[in-house]
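Undergrad: The primary structure of each chain is shown beneath.
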Amino acid sequence: MTQIPARIAAWFSTKGWSIHPHQQEMFDRACSPATLLIAPTGGGKTMAGFLPSLAELADAGHNGLHTIYVSPLKALAADIKRNLRTPVDEIGLPVRIEDRTGDTSATQKKRQRADPPHILLTTPESLALLTSYEDAPRMFEGVQRIIVDEIHALAESKRGDQLMLALARLQHLNPDLRRVGLSATVEDPAAVARFLTRHPDPCQIVQADPGPDPDIRMLETSQMPPWSGGGAAYAIPTVLEQIKHHKTTLIFHNTRAQAEIFFHNLWLANDDGLPIGIHHGSLDRQQRERVEAAMVRGDLRAIVCTGSLDLGIDWGDVDLVIQIGAPKNVKRLVQRIGRANHRYNAPSKALLVPANRFEVVECVAALEAAKAHELDGEPRGRGPRDVLCQHILIAACAGPFNADDLYAEMTSAGPYAQLKRAEFDACLNFCATGGYALQAYDRWQRLQQRTDGQWQLRDPRAASRIRMNLGTIQDTDTLKVRLKRNRGGKPLGEVEEAFAASLTPGDTFLIGGQIVRYEGLREMVVEVSRRADRKPKIATFSGTKFATSTQLSDRILRMFAQTDWPQLPPHTAEWLDLQRQMSRLPQRDRLLIESFPSDGREHLCVYGFAGRNAQQTLGLLLTKRMEETGLAPLGFVATDYATLIWGLDAVTDPRPLLQPDALRDGLDTWLAGNAVMKRTFRASATIAGLIERNMAGQRKSGRQATFSSDILYDTLLKYDPDHLLMQITREEAMRGLVDFGRIETMLARIGDRIDLVRLERVSPLSAPLFLEVGKVPVKGSAEERLLAEESARLLQEAGLEQL
Amino acid sequence: MNELEFPFAGQCLCALPSGALWWPDENLLCVSDLHLGKSERVARRGGPSLPPYDSRETLDRLKDDLAHTNAKTVVCLGDSFDDLEAARALPKSEMLRIATLQSGRQWIWIEGNHDPGPIELGGTHLFEWHRGPLVFRHIAQDPARGEVSGHYHPKVRVRVKGRHISRPAFLLNDHRLILPAYGTFTGGLRSTDNVLSALMGSQAMAILTGPHPHLMPMPR
Chain A
1 MTQIPARIAA WFSTKGWSIH PHQQEMFDRA CSPATLLIAP TGGGKTMAGF LPSLAELADA
61 GHNGLHTIYV SPLKALAADI KRNLRTPVDE IGLPVRIEDR TGDTSATQKK RQRADPPHIL
121 LTTPESLALL TSYEDAPRMF EGVQRIIVDE IHALAESKRG DQLMLALARL QHLNPDLRRV
181 GLSATVEDPA AVARFLTRHP DPCQIVQADP GPDPDIRMLE TSQMPPWSGG GAAYAIPTVL
241 EQIKHHKTTL IFHNTRAQAE IFFHNLWLAN DDGLPIGIHH GSLDRQQRER VEAAMVRGDL
301 RAIVCTGSLD LGIDWGDVDL VIQIGAPKNV KRLVQRIGRA NHRYNAPSKA LLVPANRFEV
361 VECVAALEAA KAHELDGEPR GRGPRDVLCQ HILIAACAGP FNADDLYAEM TSAGPYAQLK
421 RAEFDACLNF CATGGYALQA YDRWQRLQQR TDGQWQLRDP RAASRIRMNL GTIQDTDTLK
481 VRLKRNRGGK PLGEVEEAFA ASLTPGDTFL IGGQIVRYEG LREMVVEVSR RADRKPKIAT
541 FSGTKFATST QLSDRILRMF AQTDWPQLPP HTAEWLDLQR QMSRLPQRDR LLIESFPSDG
601 REHLCVYGFA GRNAQQTLGL LLTKRMEETG LAPLGFVATD YATLIWGLDA VTDPRPLLQP
661 DALRDGLDTW LAGNAVMKRT FRASATIAGL IERNMAGQRK SGRQATFSSD ILYDTLLKYD
721 PDHLLMQITR EEAMRGLVDF GRIETMLARI GDRIDLVRLE RVSPLSAPLF LEVGKVPVKG
781 SAEERLLAEE SARLLQEAGL EQL
Chain B
1001 MNELEFPFAG QCLCALPSGA LWWPDENLLC VSDLHLGKSE RVARRGGPSL PPYDSRETLD
1061 RLKDDLAHTN AKTVVCLGDS FDDLEAARAL PKSEMLRIAT LQSGRQWIWI EGNHDPGPIE
1121 LGGTHLFEWH RGPLVFRHIA QDPARGEVSG HYHPKVRVRV KGRHISRPAF LLNDHRLILP
1181 AYGTFTGGLR STDNVLSALM GSQAMAILTG PHPHLMPMPR
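Same order as they appear, the protein sequences are chains A and B. Here the first sequence stands for residues 1 to 803, numbered as in our numbering. Here the second sequence stands for residues 1001 to 1220, numbered as in our numbering.
Heads up, some of the hints might be wrong.
The calculated EDC-like cross-link candidates involving lysine to aspartate or glutamate, where the alpha carbons are at most 20 Å apart (straight line), are [unchecked claim]:
1. B:K1161 <-> A:E797
2. A:K718 <-> B:E1057
3. A:K718 <-> B:E1003
4. A:K718 <-> B:D1064
5. B:K1161 <-> A:E790
6. B:K1161 <-> A:D599
7. A:K718 <-> B:E1026
8. B:K1161 <-> A:E789
9. A:K110 <-> A:E134
10. B:K1161 <-> A:E602
11. B:K1161 <-> A:D649
12. A:K678 <-> A:D661
13. A:K624 <-> A:E744
14. A:K15 <-> A:E134
15. B:K1161 <-> A:D89
16. B:K1161 <-> A:D577
17. B:K1161 <-> A:D271
18. A:K624 <-> A:D661
19. B:K1161 <-> A:E784
Selected chain A positions facing chain B (Cβ under 8 Å, derived; list incomplete) [claimed, not checked]:
20. D115
21. P117
22. E784
23. L787
24. E790
25. S791
26. L794
27. L795
28. A798
Hints listed in this document are in silico derivations from the structure and should not be mistaken for laboratory results. Note that beta-carbon positions come from the ideal geometry of N, C-alpha and C, so glycine has one too.
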């Protein structure tokens, strides 16, 4: 088929639109088994994906499901339904379009399984769930096309791995299924293509015209940014001016807490009463929806938001994007900027606002990278096995299976193409018995092999529990926040349980832009009252803390090597100059370590520039080595560029501490008792079905759940350290949160070029680290020494030192 | 081993890093609140399934302390089992471990509120037991004289140079000594709690357990 049906083409003309070249190309390639479209926002990407489906459905010959559209957001599925409805109705196509997400009613869902629409709009989780039903083969019979929207975002998480396993199942049911991926600009399109396609099918890549370069600048403010922190309060007046000069402004933040604080300050300064809203993942759904609706109507002049607005929905007339805080990653910056000006072929306009002095450097580096079209990104690792375990269980829910067939099916998914048979068998064994240390427990004996060799659920009733635990998104342990009223007041949003635990009645914090007073905890709900007069205690629901990308860090180090910095504001250039005079500036092929006393303690600052997670790990490993060598460390704090360690004794020779082999050995033992590992274990164990998510009606408190998963972890570590889940946890930890890979790369790069600079006091570059939050205490000999001192002091005070 | 000697009721006693009490002159080791079988009981009552290795870990620590002190008498100060059912359901391997520890020793099981009544294990079962000037019972009673008890799982939290350090602890005054819980997965009650403050009075001292036990006035 190369001809777009006349009535569809005619509809385009009546709208005064022409078909974009990439839309035509996608149409021409409609028969390819897999196609990936890379196009900027506003490029008619969705229409490019659906055109072939509409054309094939135009002659009313198709019965049942024809096209499945998958998006990472429920809201996006609903939005696409509206946007698709209009052309379908206006052209008069006989096409039924329905969405199916977690919000769809149970009756509707049931009917959809019996009588599926032509086009089904859904999410990866809902699709995976559909494949778990026994009637899946009937429902999916005859499916022709699957469209994966925002595939660049899905490919970055386990949701993508889950989706590709579900696609493998669909393809198994319909060998002729054609796959289409829609992506924003990415650094490595071929990798996304490999991820999308059925292994080893080829995947065509269609590149749309990227449009003109965005207009990105630093926001010029009269005030200097502070030394530390993420609030960017100094920029409020200038940001307000910008809002006034634009129709609609999106103000992006890296974390939810920062968004809340900024929004609060923005309101305090908003003398003209401009309509400004806030949107982030911790807000109550109703509140978010209200903001979204107001935005679509064009009622808002600005929205303070987080990554929750990174994707999808067409927000109308956004003509300015402001990024508060360093973007950490050039690709995300470019994608965010694409949110401004959805009209194709008009440049998007964006302003960067560093929140502190170091971020000035990072923002300028990111800006230069964006101008040079240098996107960053880590190569995607192979598909994680916890998701595989979940899909083995999902397959068992749908009916008995043959292990050989399932292995063949799963390895046709791009992320699992390299999966070895032995690894698959280990996952199957885990699903069947729980693994060596746990096989005594009935609840983990879930599969059995029949005499004909097929595997099936040991207890068919387990299917509903497996379905309830389906998915890879981890809810952090959050508690709902409500206004205190007689019968339960208005829901405001959610805060992390750990944060709630730190509150005492009378404390105030920010949520949804208002200051509230903590009244108490009732049935797992945080009850609050409105307070407008107090300075709030800061909400620490964290949102995501991204690490600065390797490419961006490199660019910063290259910038440090300049003799002067005309591209930086004078205050920042002077700061760097002062550092060069007092100490040194970090260099790309050397490792700078500063040592200095401050406030009665010894400090060590290691400028590894390896990103937040890796610097955190380095802190843990170095303090462990220091503990072993009697250097009595007390604690450390890490940022994207450095780790600051304090303790009782000065380090005079850091080389032995930084031996790669010793660090790696340390990693193995350290990984043991570490909280990050426990968190990683908990996530993987939940996905793999070892721990159940909180069941409806019998919600455990998050702490209780953490307790039992921590104990499981400790036990497996001690008695079955090679348990599959422990292997998965280690594998996960090496990338993500532990990020040891980046430490190894850094150590390999610097070799023995380590410079220890002894100073009499804090250096200019290390000073901001003292103000960082997230300090990690080290429990060890220093603690014993402190306790001994304290015990002596107290006994003497009480006149009991003779005892 | 970094034990800490202290005088009590005219005797010289030792606080061991593990939270066990060692009485060298009598060759006696005393431990409290082992809570063996806790994971089994939690699972039986519908709680989260914890792998059943906590008992083994507690017994391993006891084995180390016995090897170090070579005690001839062992006093378990009550709540040795999480409940009587747990005592009965203890796996064979753990029973065997206990029997091995018991061989060649006098072994006293003091009854606790979790495990009132005899269990099918060797040793003597008593409500309380006197030895020299000391009396061993599960829960502290008034008036006390040379009393050694457990039950409360005391712990102490101190703030030193801006950090909080929390440790299971021995609490003592002239007449009373309360032992920390010895079992794995046992929580604790802070010394500042009203019950403990009232029980111990204003002159109380605490010994924090850990690699080096530390003596200090009990935080109230």
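Undergrad: So, against the hints stated earlier in the document, which numbers end up violated here?
TA: Hint check: 3, 7, 12, 14, 15, 16, 17, 20 and 21 fail, others pass.
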